[in-house]
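Protein chains: 2
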Amino acid sequence: MELWFTEHHTPNVRFSIKVDRQLYSGRSEFQRIDIFDSKEFGRFLTLDGYMMLTEMDEFIYHEMITHVPMCVNPDAHDILVIGGGDGGTVRELLRYPTVRHIDLVEIDELVVEVCKKYLPQTAGCLSDPRISIHYEDGLKYVRHAENAYDLIIVDSTDPFGPGEGLFTKEFYGNCYKALREDGIMVNQHESPFYQQDAYAMQRAHKRIVDSFPISRVYQAHIPTYPSGHWLFGFASKKRHPVKDVNWVRWNALGLKTRYYNTQLHAGAFALPNYVEEMLRDVEPES
Amino acid sequence: MELWFTEHHTPNVRFSIKVDRQLYSGRSEFQRIDIFDSKEFGRFLTLDGYMMLTEMDEFIYHEMITHVPMCVNPDAHDILVIGGGDGGTVRELLRYPTVRHIDLVEIDELVVEVCKKYLPQTAGCLSDPRISIHYEDGLKYVRHAENAYDLIIVDSTDPFGPGEGLFTKEFYGNCYKALREDGIMVNQHESPFYQQDAYAMQRAHKRIVDSFPISRVYQAHIPTYPSGHWLFGFASKKRHPVKDVNWVRWNALGLKTRYYNTQLHAGAFALPNYVEEMLRDVEPES
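Protein chains in written order, with UniProt numbering: chain A, 1 to 286; chain B, 1 to 286.
None of these hints come from the bench; they were simulated from the model.
Among the hints, a few may not be true.
Since the list can't tell identical chains apart, any single copy or any two copies may satisfy a pair.
To be verified - EDC-like mimics (lysine to aspartate or glutamate), calculated; alpha carbons at most 20 Å apart, straight line: (1) Lys39 to Asp197; (2) Lys256 to Glu277; (3) Lys256 to Asp281; (4) Lys39 to Asp108; (5) Lys18 to Asp197.
Input sequences plus hints: build the corresponding full structure.
Following this line, the structure appears as structure tokens:
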């Protein structure tokens, strides 16, 4: 018998992983949740059939969404993570002794429960006393926060389904308001490669540019996401993600990472021409 | 009816492209050659069932294997390309007026014939008078070359099948000998991600390190290759690929590129920690 998980990256492109067995399948009020075990990638989580993380390569995503902003501001004490119910982003943040408190706003309590049970590699950290978990819609949560956070990480799903509101102008404006005066917002920014995904990415980028004085995009290699070419957005009130960084200070922390390093941090902001052009040439929204 | 091309990236991972139709299928003395047409990637070439290039993303591979060394030495006049019968690498080289002559050594004449007919986007340049095509084994060809080239580009297939000899110590040693005193060799260097591919990549890297005083690795995002995370090797007698570069001079050439730019050139040499560790920790060969 062979069991294969298949994701359509576009209607014309399929990525398939041989599965040993399905460990969990359930449906919350928001989405379908599945956990599989595989030889190649270990355990992996899908939401509505889309790959969220695998044990094998989740370190790439979670290191890049966390250590880039934490290197720019290692004094970030109060942090808001929106989405990220799998715990991977929080796990990386908790490695900094300077992090005082993390509000984790995850819309779907079942995601957290399932990850705690089946993905201890990421969710094992979620009982740490520095974390408060709020089972709420991130879009609504940030409406009521003001001048409260040094860093917001938007660890969302894709710009359709439950995560859609986390790519809107209202949301980014409220994130700006929720941040302190030298605050930083980082978000998962989709892929530039396949045209149908790129359009949503371009629109979201334009909205971030309109909401923050400094806005850049950086990239990473994530083999289990469509095209493997993944972007993150870096937006801030004051700090430039490459020019205003004390590299020596981050290296002095002595954190052992498997993907991230400070040279790669700087290099990740150097994008291919075709991506730079996409980010620049966005039609204004009416 | 649906027709899908499927490549096994590992025994447990499949990547599939919906095909409009198969334009060509043949077998040479060396390998099976196929050309397909697809909605997502345009036409694409496979050898023995492995993806070589698609019209949609070939610019990434060909720009990165060419413009990185040409930026380090824009005075490269005499160039040897080994493999690369599709013509993409030569197309990029011919954009430099300083390039005087290119020897293209392709083992399989049928690859060139088929690409000329079905892939004019890359092979259209192959009748340029600055090119001499030699239908020979690259491993044998370099044995007889000495102090003859400013740049060698090893645009090979994978380290098994007809391309195997292009990953050996003998071959790299002969490339060194075939280069002039400030010569550069660049090679396609496989992916670091899947363990079974990574081992061949590590061994080849060790052999290059043993053959050249300067040896570095750089990366690019190539969506249609396994994992999408692809490496290139840069080896040279004198020039460092980032420190010894006149960026202004390359930019003054005014070449329009879709992936490559000089910031990205520098950034591409900043590798993830796990890749750096792989390249460092190679067992010596007995």
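To see whether the hints hold, each was checked on the structure:
no.: 1; hint: Lys39 to Asp197; in the structure: between (29 Å within a copy, 16 Å between copies)
no.: 2; hint: Lys256 to Glu277; in the structure: between (35 Å within a copy, 12 Å between copies)
no.: 3; hint: Lys256 to Asp281; in the structure: between (38 Å within a copy, 17 Å between copies)
no.: 4; hint: Lys39 to Asp108; in the structure: neither (28 Å within a copy, 37 Å between copies)
no.: 5; hint: Lys18 to Asp197; in the structure: between (25 Å within a copy, 18 Å between copies)
In this structure, only the earlier hint numbered 4 is contradicted, and the remaining ones agree with it.
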